Amino acid sequence: MLIVNGILGLQRPYPEKLTRYECGLPPSGEPRHPFTVKFYAIAILFVVFDVEAVFLYPWAVSFNRLGGLAYVEMVIFIALLLVAYFYAWIRGAFQWE
Numbered sequence: 001m002l003i004v005n006g007i008l009g010l011q012r013p014y015p016e017k018l019t020r021y022e023c024g025l026p027p028s029g030e031p032r033h034p035f036t037v038k039f040y041a042i043a044i045l046f047v048v049f050d051v052e053a054v055f056l057y058p059w060a061v062s063f064n065r066l067g068g069l070a071y072v073e074m075v076i077f078i079a080l081l082l083v084a085y086f087y088a089w090i091r092g093a094f095q096w097e
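Under the numbering used here, the first residue of the sequence shown carries the number 1, and numbering increases by one thereafter.
Quick caveat, the hints were computed from the structure, so don't treat them as lab data. Predicted model only: the values in this text are computed from it and were never measured. Note that beta-carbon positions come from the ideal geometry of N, C-alpha and C, so glycine has one too. It cannot be assumed that every hint is accurate.
To be verified - Label-pair ranges, simulated between beta-carbon atoms:
| # | residue 1 | residue 2 | range |
| --- | --- | --- | --- |
| 1 | 65 | 9 | 51 to 59 Å |
| 2 | 75 | 50 | 38 to 46 Å |
| 3 | 18 | 40 | 26 to 34 Å |
| 4 | 76 | 44 | 16 to 24 Å |
| 5 | 6 | 64 | 28 to 36 Å |
Please model the entire structure based on the sequences and the hints provided.
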């Protein structure tokens, strides 16, 4: 499909085709401006706590079939995540300046 598109597509694109498209509005600002580091820190924190939900959900579904050791393991897992959460809070990861 990509080969057919390359063969049948425009060979000489005109200026309107080369411009950016932003929801039908004229483009504003530079197309590539750097993000601040805060965005990356928030994204990493989101991934960490999202993975927590991925591990917590199957454990909660099969809680009745698991033994006491699984309960202790999950308590330790949640405790470690709480330590990480409070560490991030103390370090100011949730402060937006």
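Tested hints:
1. Checking the proposed 51 to 59 Å range against residue 65 and residue 9 shows it holds: the Cβ atoms sit about 57 Å from each other.
2. Between residue 75 and residue 50 the Cβ separation comes to about 20 Å, which falls outside the hinted range of 38 to 46 Å.
3. Here the CB-CB span from residue 18 to residue 40 is close to 31 Å, well matched to the stated 26 to 34 Å.
4. Restraint check, residue 76 to residue 44: a C-beta distance of roughly 22 Å satisfies the suggested window 16 to 24 Å.
5. For the hinted restraint 28 to 36 Å between residue 6 and residue 64, the CB-CB distance of approximately 57 Å leaves it violated.
Of the numbered hints given earlier, the model fails hints 2, 5; all others are met.
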